[in-house]
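Residue numbers (my numbering): 1 to 499.
Be aware that one or more of the hints could be misleading.
Within a straight-line C-alpha distance of at most 30 Å, the following computed BS3-like cross-link-like pairs (lysine-lysine) qualify [stated by the list, open to error]:
#	residue 1	residue 2
1	K185	K237
2	K123	K421
3	K148	K360
4	K8	K185
5	K207	K183
6	K421	K119
7	K461	K440
8	K396	K123
9	K435	K477
10	K461	K119
11	K183	K148
12	K482	K450
13	K435	K482
14	K461	K402
15	K396	K119
16	K477	K461
17	K435	K360
18	K207	K7
19	K450	K440
20	K440	K396
21	K360	K396
22	K396	K447
23	K148	K450
24	K421	K435
25	K123	K402
Restraint-style ranges between C-beta atoms, simulated for each label pair [to be verified]:
#	residue 1	residue 2	range
26	A472	T225	50 to 60 Å
27	D233	H463	15 to 25 Å
28	W466	V399	20 to 30 Å
29	G182	D469	48 to 58 Å
30	L455	D238	38 to 48 Å
31	A126	A292	54 to 64 Å
32	V102	L155	28 to 38 Å
33	L415	D218	20 to 30 Å
Derived by calculation from the structure, the hints in this document are not laboratory data.
Glycine included, every Cβ here is placed at the ideal spot set by N, Cα and C.
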Amino acid sequence: MTIIYSKKRFPPPPYDTEVEDMLYYRLLYSGDHDLIFPRARSIQTTERVIRRSRPGLHRRGRSTDIKITSEHQYIVVNFASLVAEVPADLINRALGNVSADVETGPELEFVSGVVTASKPNDKIWAAVTQHQVDGLIAYRIRRSANGKVWFEWLLGDRYFPHEDGNGADLAWIEEWDDGKGGKLKFLRVERQLLSDDGLAIQQMVFKMDGDAVGDQIDTEQYAATYEIEIPEDETLKDVSELLCGFVVNDETLLHPRGRSALRNIDTIQEEINWTITRDSIVFDKHGKPKLAIPRALWDTVANQNQRDYGARFVRGADLEVVSFDEKTGAVPQYIVWDAKTEQSFEHVNRLIRYMLAVSKTSIQAAGMENAKGDTGIALLYLWIQSVIKADAIKGKFDVAIKDAIRKCMLLENALGSADLKPVNPVIEWGDMLPKAESEKDTEETNKYEKGVQSLETTVRKLHPDWSEDAIAAEIQKIQDEKAVDSLNPTYVQPPRVTV
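Input sequences plus hints: build the corresponding full structure.
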């Protein structure tokens, strides 16, 4: 069953509620809390206007009104971003080399080209972070006119699978200037649909009016009008699976499309912001020194302003030069209020710890406690909660990257007339947490000496930034030195025998 867009609202149901949740959590992650939290909107600028009763006294170019403005800043200490980024930091550090599961052959060269074009190591951080925020991230396979094949990550609100499981739509909105200072909106849809003939890929374009989708328009005419390239519709024979997919986060039977990692911490985040903002308002209001002046001096300045401006008030600038009461000795003095806010700070600290516990984030990752370990194992136990969470996410992305590269082989076989064996590549994952160089060298060397790891893997792990040629040269040097050391210059005579 396909999705109908024309004369409907976008996004289509039942995905509209999921997209709405994604937009909410994106605002939470980006720190735009004044758009989602009610108490943030209550911190507004207040303005008091004093009207001059004698407007003829104002100078040319100056307003006849005096505006006194007071503003309180809503403070955002966004721990929600940390919750999403810690797994991305750990997985980004762990992702290593991606290669075909063969030593030689066309598959090895093709996978190398796909990895070079797709740049999974460069884009894994952004993909994992968006996956945590949205609860879903998609990917699709692409092929250019010159034969380059790659896969790319897509936002979850652009991926709409069909209910029957035989298709999926990749839909997004494009905007163009109308030449009158406005915008024209169009809905682009790439539909992939499985049938008995293979995989059909169709491109569609619809007009849009706000959130409502209008009639479908000609794709070729749209591409020519705005000078963009849109692939032609085609059917890939012998392709029995979709050339796209998705990775979900914390899915359940009730939420098969996943849930955001920020879903349980938004109210805690608001309370943290509000507590800190409230303390800031207190400090701003009472923390600054207040100038206390005798009543007679205040009346003198206020009466002068009444004559000049038509209202009784006293400004700070009016008191830069003041009079001294010689009879009573009354002089202006500063009053400072000492605010006690230890309980507020303890409350914020408890809220942060609650947030980290709910989101499965270690306290050390947030910098709340010392995160130094004497060894890599000690550091692992300090970060164990975040590492366990990141390791589960890593397993999903390991499957997704392998599946995406295998689908690249399917597309190349269908369009490039290649004869590749579509198998999953090999992904090398390293440690998520840093180790001392000496500790790392000892571990890798012991693996090699005990015969559980090859020389190539050992050199690659010890020097992850080396090129393939440098790794091959280092392996050859080691093998040559071993060959020289194995030569025995002492000739041993054979034992004597009696014939």
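A quick look at each hint next to the structure:
At roughly 34 Å between alpha-carbon atoms, K185 and K237 are farther apart than 30 Å, so this suggested pair is violated. The hinted pair formed by K123 and K421 meets the criterion: a straight-line CA distance of about 26 Å does not exceed 30 Å. Among the hinted pairs, K148 with K360 is inconsistent with the structure: their alpha-carbon atoms are about 40 Å apart, more than 30 Å. Restraint check for K8 and K185: the C-alpha separation of about 15 Å stays at or below 30 Å, so the hint holds.
Taken as a hint, the K207 and K183 pair is honoured in the structure, with Cα atoms around 12 Å apart against an allowance of 30 Å. Using a Cα cut-off of 30 Å, the hinted pair K421 and K119 holds, with the two alpha carbons roughly 22 Å apart. Of the pairs offered as hints, the one joining K461 and K440 holds, with about 9 Å between alpha carbons and a cut-off of 30 Å not exceeded. Taking the CA atoms of K396 and K123, the gap is about 16 Å. The hint holds against a cut of 30 Å.
For the suggested pair K435 and K477, the alpha carbons sit about 27 Å apart, so the restraint of at most 30 Å is met. Taking the CA atoms of K461 and K119, the gap is near 20 Å; set against the 30 Å cutoff, the hint holds. Between the alpha carbons of K183 and K148 the distance comes to roughly 34 Å, so the proposed pair goes past 30 Å and is violated. The suggested pairing of K482 with K450 holds, with an alpha-carbon distance near 16 Å, which does not exceed 30 Å.
With a C-alpha separation of about 29 Å, the suggested pairing of K435 with K482 holds against the 30 Å cut-off. At roughly 21 Å between alpha-carbon atoms, K461 and K402 fall within 30 Å of each other, so this suggested pair holds. Simply put, K396 and K119 have alpha-carbon atoms about 18 Å apart, close enough for the 30 Å limit, and the pair holds. Proposed proximity of K477 and K461 is supported: the alpha carbons are some 17 Å apart, at most 30 Å.
Restraint check: the Cα-Cα separation between K435 and K360 comes to about 23 Å, which is no more than 30 Å; the hinted pair holds. This hinted pair checks out: K207 and K7 have alpha carbons roughly 10 Å apart, not beyond 30 Å. Taking the CA atoms of K450 and K440, the gap is about 16 Å. The hint holds against a cut of 30 Å. Distance check on the hinted pair: K440 and K396 sit about 26 Å apart at the alpha-carbon level, within 30 Å; holds.
For the proposed pair K360 and K396, the alpha carbon gap of about 17 Å is at most 30 Å, so the pair holds. Between K396 and K447 the alpha-carbon distance is near 27 Å, which keeps this suggested pair within the 30 Å criterion. Taken as a hint, the K148 and K450 pair is broken in the structure, with Cα atoms around 42 Å apart against an allowance of 30 Å. The hinted pair formed by K421 and K435 fails the criterion: a straight-line CA distance of about 38 Å is larger than 30 Å.
Note on K123 and K402: the hinted pairing holds, with a Cα-Cα distance of about 15 Å set against a maximum of 30 Å. A hinted range of 50 to 60 Å holds for the C-beta pair A472 and T225, which are about 52 Å apart. Checked against the hint of 15 to 25 Å, the C-beta distance between D233 and H463 comes to roughly 48 Å, which is inconsistent with it. Between W466 and V399 the C-beta distance comes to about 28 Å, which sits within the given range of 20 to 30 Å.
Evaluation of the 48 to 58 Å hint for G182 and D469 yields a pass: the beta carbon distance comes to about 56 Å. Restraint check, L455 to D238: a C-beta distance of roughly 41 Å satisfies the suggested window 38 to 48 Å. The given range of 54 to 64 Å is respected by A126 and A292, whose C-beta atoms sit roughly 56 Å from each other. The given range of 28 to 38 Å is respected by V102 and L155, whose C-beta atoms sit roughly 34 Å from each other.
Between L415 and D218 the beta carbon distance is about 24 Å. The supplied range of 20 to 30 Å therefore holds.
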